[in-house]
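For the record, the sequence lines run as chains A and B. Its first residue numbered 1, the first sequence is counted upward by one per residue in the working numbering. Its first residue numbered 1, the second sequence is counted upward by one per residue in the working numbering.
Among the hints, a few may not be true.
With beta-carbon atoms standing in for the labels, derived distance ranges [what the hints assert, rightly or not]:
#, chain 1, residue 1, chain 2, residue 2, range
1, B, K63, A, R212, 21 to 31 angstroms
2, B, Q58, A, R260, 45 to 55 angstroms
3, A, N163, B, R185, 33 to 43 angstroms
4, B, S3, A, G182, 33 to 43 angstroms
5, B, A21, A, G182, 47 to 57 angstroms
6, B, S179, A, N163, 35 to 45 angstroms
7, A, K153, B, A307, 29 to 39 angstroms
8, A, R212, B, A13, 37 to 47 angstroms
Covered by chain A, according to a simulated footprint, are these stretches of chain B (three or more residues, beta-carbon under 8 angstroms) [as the list claims (entries may be wrong)]:
#, region
9, 5-14
10, 206-218
11, 251-257
Just so you know, these hints were derived from the structure itself, not from any lab. Even glycine gets a Cβ: it sits at the ideal position worked out from N, Cα and C.
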Amino acid sequence: MADEFEEFYKNLEEPELTADEKELLTQMPEIGELGESRRKFLGHAAAGGLGLFALQLLAQEQVLARMQTAEGALFAPVAEENVVAVRLQINGVEKSLNLDSRVSLLDALRERMALTGTKKGCDQGQCGACTVIVDGRRVLACLTLTASCEGKKVTTVEGLAQNDELHPMQAAFIKHDGFQCGYCTPGQLCSAVALLEEAKNGEASHATANLRTKARNLKLSGDEIRERMSGNICRCGAYPGIVAAIQEVHSGRETAQTWRFVSDEEIAALNTEEKADEIV
Amino acid sequence: MKSFKYTRSTDAASAVQTVSANKGAKFLAGGTNLIDLMKEYVERPNELVDITRLNLAQINSVKGGVSIGALAKNTDTANHPLVRQNYPLLSQAILAGASAQLRNMATNGGNLMQRTRCQYFYDVAMPCNKREPGTGCGALEGLNRIHAIFGYSDKCVATYPGDMANALYALDARVKIRSANGQERTIPVQDFHRLPENNPEKDNNLQHGELIVAIELPKNNFANKSYYLKVRDRASYAFALVSVATALDVNKNQIKQARIVLGSVAHKPWRSLEAENILIGRPATDETFQQAAQMAMKDAKPLAHNAYKVELGKRAIVLALQKAMSGGTA
Numbered sequence: 001m002a003d004e005f006e007e008f009y010k011n012l013e014e015p016e017l018t019a020d021e022k023e024l025l026t027q028m029p030e031i032g033e034l035g036e037s038r039r040k041f042l043g044h045a046a047a048g049g050l051g052l053f054a055l056q057l058l059a060q061e062q063v064l065a066r067m068q069t070a071e072g073a074l075f076a077p078v079a080e081e082n083v084v085a086v087r088l089q090i091n092g093v094e095k096s097l098n099l100d101s102r103v104s105l106l107d108a109l110r111e112r113m114a115l116t117g118t119k120k121g122c123d124q125g126q127c128g129a130c131t132v133i134v135d136g137r138r139v140l141a142c143l144t145l146t147a148s149c150e151g152k153k154v155t156t157v158e159g160l161a162q163n164d165e166l167h168p169m170q171a172a173f174i175k176h177d178g179f180q181c182g183y184c185t186p187g188q189l190c191s192a193v194a195l196l197e198e199a200k201n202g203e204a205s206h207a208t209a210n211l212r213t214k215a216r217n218l219k220l221s222g223d224e225i226r227e228r229m230s231g232n233i234c235r236c237g238a239y240p241g242i243v244a245a246i247q248e249v250h251s252g253r254e255t256a257q258t259w260r261f262v263s264d265e266e267i268a269a270l271n272t273e274e275k276a277d278e279i280v
Numbered sequence: 001m002k003s004f005k006y007t008r009s010t011d012a013a014s015a016v017q018t019v020s021a022n023k024g025a026k027f028l029a030g031g032t033n034l035i036d037l038m039k040e041y042v043e044r045p046n047e048l049v050d051i052t053r054l055n056l057a058q059i060n061s062v063k064g065g066v067s068i069g070a071l072a073k074n075t076d077t078a079n080h081p082l083v084r085q086n087y088p089l090l091s092q093a094i095l096a097g098a099s100a101q102l103r104n105m106a107t108n109g110g111n112l113m114q115r116t117r118c119q120y121f122y123d124v125a126m127p128c129n130k131r132e133p134g135t136g137c138g139a140l141e142g143l144n145r146i147h148a149i150f151g152y153s154d155k156c157v158a159t160y161p162g163d164m165a166n167a168l169y170a171l172d173a174r175v176k177i178r179s180a181n182g183q184e185r186t187i188p189v190q191d192f193h194r195l196p197e198n199n200p201e202k203d204n205n206l207q208h209g210e211l212i213v214a215i216e217l218p219k220n221n222f223a224n225k226s227y228y229l230k231v232r233d234r235a236s237y238a239f240a241l242v243s244v245a246t247a248l249d250v251n252k253n254q255i256k257q258a259r260i261v262l263g264s265v266a267h268k269p270w271r272s273l274e275a276e277n278i279l280i281g282r283p284a285t286d287e288t289f290q291q292a293a294q295m296a297m298k299d300a301k302p303l304a305h306n307a308y309k310v311e312l313g314k315r316a317i318v319l320a321l322q323k324a325m326s327g328g329t330a
């Protein structure tokens, strides 16, 4: 991991500092003592237009740097305890890991395998952002110990598309505007994809009227979809789009897209109207 | 999370031995409650014995009823044809709980073992006799909107939050347990959970190291007329404020047998035999249901913030009985 960061910084061009920033640097003698990589960090942040903010960050980082145990370490090392060997399949690829027994599947995916599609929301089973599919079932990666996944097959949002082709559910989410900020979307997608199978198998939900008769290939109502997706919270409230997307893929009936981008002509027309307003 | 030794168990005997030999060890099944509580430092085991690979997930027809494996997932249990057909009340209760993801992870044994959702229990900065015996009860004079109205003590006013156990109680289920000496014993589900009394740290009557292996459901005549009603702050994916498992055996509009078990009102599923007795031998009318509901709530002792549960409970009972009479459909 540290090597990757070094490589990243090496490839950055030496940034240019503004006159103000150079002035500040000379006024803060402590910063002058910093090593090469920290100056680059500062410069990189400055190049992004965050000059003063970067200086504050840097001051904080200096405090943190004094707390570091290993010289030059980007992160303070955390001792691993009770290491467990686990072999599992992630999106069709065999993986062998040795990790602390405490590591959740969510952290293993994000921090060990760089599969950051799966999101950490509440990290305690209340939001559904970390939903992945394990052995065909949607589960919460935050409450799953990686150690317990020996021999299991995990599908994350990265594994839904086939080569360059989006999964129909992904395409439908775009078509029906099923997200705004997108943070809950990977979990919503994995959940929705697994839901399709559950409906095919005739599995019931709290919204199922009669539990005593079991049919396969259920035709889910909007209420059914809402109930079955209740484990995935969307802070932006994109629920209508999510339900529409799932309904389309589930029913196989194409429905009209209810949004479109504004055309150049329409923007031009708007600009003209604004000018007219100004004249008035 | 406190560090712990992790082992995968392949047979029940060794799993029980390992946990029995270490006071700090726990069984790990679905982990939906245990891992959550470990992240909060409420649970701090030094060893987890993963039992998910034990051969205890079958759901079978047995002499006198149906046996449900302790490690069968909640989803698979609620959807099993034997359960849906013969014990729809159990399917309804399971499906009323948590989310699809959690039900896919959670096991039946683990569901019985889930701990209270009292916020003082979850917050390690607060006093809680259940979490740290002797520290006091934060909820008794604190915020107790979601707490008990029956059977509490001055040591603890927490409720058992689950749904499945309420249905199991109404269905006269029995919990089969394997002990450290290799013996098996069976506890009626009504004696599985306990009231807090002076030691609320004990949720149930299991000994340390005992493992739930199965839940047995006897045959009954309730399948046509049962209903699980759950009232919560939002329509789905929330714990109950009050829930009611009702089951009726009715012949020519006369009630022969009845079950009324309330959830989230006490430290254990709360059955009202007095209310059931009002129903038995009477016609299944709204008037009868009202009287039963009145009786079920007669001895309720609400705390500062949960008096609403008394009226809510009465209405929930009446509605659940009406739903049960109309075939128990949602």
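Query raised in the report: Should the hint that Q58 of chain B and R260 of chain A are 45 to 55 angstroms apart at their CB atoms be regarded as holding?
Result: 54 angstroms, holds
Query raised in the report: Given a hinted range of 37 to 47 angstroms, is it respected by the beta-carbon distance of R212 of chain A and A13 of chain B?
Result: 38 angstroms, holds
Report task. With respect to the beta-carbon atoms only, verify the hint that N163 of chain A and R185 of chain B lie 33 to 43 angstroms apart. Result -> 56 angstroms, violated
Query raised in the report: Do the beta carbons of S179 of chain B and N163 of chain A sit within 35 to 45 angstroms of each other?
Result: Once the Cβ atoms are compared, 55 angstroms apart, the range 35 to 45 angstroms for N163 of chain A and S179 of chain B is violated.
Query raised in the report: the region 5-14 of chain B covered by chain A? Criterion: 3 or more residues, Cβ-Cβ distance below 8 angstroms.
Result: holds (count 3)
Report task. With respect to the beta-carbon atoms only, verify the hint that K63 of chain B and R212 of chain A lie 21 to 31 angstroms apart. Result -> Once the Cβ atoms are compared, 23 angstroms apart, the range 21 to 31 angstroms for R212 of chain A and K63 of chain B holds.
Query raised in the report: Does 47 to 57 angstroms hold as the CB distance between A21 of chain B and G182 of chain A, or does it fail?
Result: 49 angstroms, holds
**Report entry** Check of the region 206-218 of chain B against chain A for coverage (Cβ-Cβ below 8 angstroms, three residues minimum)
**Finding:** violated (count 0)
Query raised in the report: Are there three or more residues in the region 251-257 of chain B whose C-beta lies within less than 8 angstroms of some C-beta in chain A?
Result: violated (count 0)
**Report entry** K153 of chain A versus A307 of chain B beta-carbon gap, inside 29 to 39 angstroms or not
**Finding:** Given about 51 angstroms between the Cβ atoms, the range is violated.
**Report entry** Distance restraint hint 33 to 43 angstroms, applied to the beta-carbon atoms of S3 of chain B and G182 of chain A
**Finding:** Hint holds: Cβ distance 35 angstroms, inside 33 to 43 angstroms.
Consistency with the previously given hints fails for numbers 3, 6, 7, 10, 11, ordered from lowest to highest.
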